[in-house]
Amino acid sequence: MSPVTQTGNRLRGESTPDDHETERQRWQRNYEELLQELRVAQTGIQILFAFLLTIAFAARFPTDDSFTRAVYLVALLSAAAATALIIAPVAYHRAVFRQGQKPHLTQTAHRFAYAGLGMMLVAMVAAVLLAADMVIDRRAAWFAAGATGVWFVALWAVFPLFRRNRMTRES
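The sequence shown maps to residues 15 to 185 in the numbering used here.
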């Protein structure tokens, strides 16, 4: 295999047999890469969660509107769920530390990450709906929240899956 091909594979995050990486090392690398990704998501969702925890105590927060209360609860609870799911791989790692469980841990953490991102999507869309409903009419707020959801799904799922499928067809 040529050095250009090897470098190209590494740039795409793929390992090659020439990398001399053992299966254990690959699982360790995959887990470390996943944790790096989760650190980015963790910061964002924790900031949103903190904001949502404080907003209910703001003087201008309407408590007489059942729609606002429902959207707030959806945003708050999905942010809490996202936070738990995104932090879960760390707790899971502590429980199975030095038990030879790296493949299982990595696969489980991968599932937690996807579920956490899904809950983060719900929290973000609900937060946009909540904020937009305070400043524009409700129909426009629904549109803004829907557009936000479509944008997140496009960036987080559609575009990456399109690229992945394209790369699979090319190889």
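These are computed hints drawn from the structure, not numbers from a lab.
As the structure is a prediction and not an experimental result, all values here were calculated from the model.
Incorrect hints may have been included.
[To be verified] Here are the simulated lysine to any residue pairs, SDA-like style, with alpha carbons at most 25 Å apart: (1) K116 x F65; (2) K116 x F176; (3) K116 x I69; (4) K116 x R180; (5) K116 x Q50; (6) K116 x A127; (7) K116 x V172; (8) K116 x L131; (9) K116 x R183; (10) K116 x Q42; (11) K116 x L49; (12) K116 x T162; (13) K116 x Y128; (14) K116 x W41; (15) K116 x V136; (16) K116 x R53; (17) K116 x Y106; (18) K116 x I61; (19) K116 x F173; (20) K116 x V104; (21) K116 x A64; (22) K116 x R43; (23) K116 x E35; (24) K116 x V167; (25) K116 x A105; (26) K116 x R40; (27) K116 x I101; (28) K116 x A145; (29) K116 x A129; (30) K116 x E37; (31) K116 x A70; (32) K116 x V54.
Hints violated by the structure (numbers, ascending): 1, 2, 3, 4, 7, 9, 12, 15, 18, 19, 21, 24, 28 and 31
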